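K.L.:
Below, each chain spelled out in residue letters.
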Amino acid sequence: MEHPMNRDTTSNFVLARALTAGAWGTLCAFILAPPVLAAAGWDAAATVVYFFFSPVCHQAPERSFELLGIPLAVCHRCSGIYLGLFLGSMLRNPWIHRSPAARRRWILAAAVPLVLDALLPCCGLWVNTAASRFATGLCFGIPVASLVVRGIAEFLTEAPWRRFSLGSPRLWEASNE
Amino acid sequence: MNNSNMLKPALIGGVLLGILSALPLIGSFNCICCAWVVLGSALAARLYVKDSSVPVTLGRGVTLGLLTGAIGTVVYALFLIPLFLMAGGESTLMEQMKQAIERVPNLPPEMREGIDSFISGGHISTILYVVGFFFRLLVHCLVAMIGGAIGVAIFEKRKPGTSEPGTAQYQPPPDLPPPPPPSDTV
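Taken in sequence, the protein lines are chains A and B.
Just so you know, the working numbering puts 76 at position 68 of the first sequence, and the rest follows in order with no gaps.
Just so you know, the working numbering puts 162 at position 161 of the second sequence, and the rest follows in order with no gaps.
Hints are computed from structural coordinates only; laboratory data are not their basis.
Model, not experiment: these values are computed from the prediction.
Listed next, the stretches of chain A that the computed footprint assigns to chain B, with coverage defined by at least 3 CB atoms under 8 Å from CB atoms of chain B:
id	region
1	57-67
2	82-92
3	101-113
4	151-160
Even glycine gets a Cβ: it sits at the ideal position worked out from N, Cα and C.
Make a model of the complete structure from these sequences and hints.
P.N.:
Below you can see the structure in the form of structure tokens.
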């Protein structure tokens, strides 16, 4: 019996990559939007975009990049994470998925610098900068995006909704009982 | 895909995510890379991996994260209602909106006053609540998918295609008679 992952695997990976790149690319565009909108005089729209990102980021102006002299919608770290997710969804990283152990090592290697960069300043052991916050966010986002792309591709391949679609044998048997 | 087994870990992770995100001071941890969302979905992944007899794939982790994020957002919205009533109508949504206004530089004073009076109106908090709910649903689901994938990557140590000890492949009984020889007739 053919393994389900072999069926349409390539097309599912392409679709998963396109979906994730589209989603994260759209969010990256929204992050850049407030300065552009405010400079164009669309202040209410800029306010709305800031409001929408407020639940997921502290948006401190001194910890955010600026465009046209106006802070972006999220901070340095979040900017790096979102950009890393966008770039990572377009890159092929087969070495991450060689084995569960390799995958775990890569994800921990990506997460530990981010966590240390965020927590060590609280203990006075490290002073983070815009560059360190952005770089650790970027290095976290790239391998994580690879996980999400693979996960979505496997989800599309497993296709749980097909068991309940009209015309499926399972539904036909149920209706004839 | 055994979706029924996903429901319990998703409920646990989602309820934890929703309640912690809604609490006044504790919920602000979500500003640190959506910490509660990632932790809630990673917890759901941990529980699912622990209970699963077969190796959990990233696809299931992503699905579980999606489910956890949706449940968490609903729990957050329901939990926010009594907090909003206890606060006498002034909600964190209104405060977030006012802070968002402060972030836009060079905002004309008349526009600032106009937006201030608009958001202080009777029904605007309801509109903000509904619109904010849908945006939060989208963001929570996206981030929870990441948390689910990370959870599976960290907690799933079995290789694909293996099964748990005690769930061995079927072996026919040793005393089964041999099959009859093939017949020459069609």
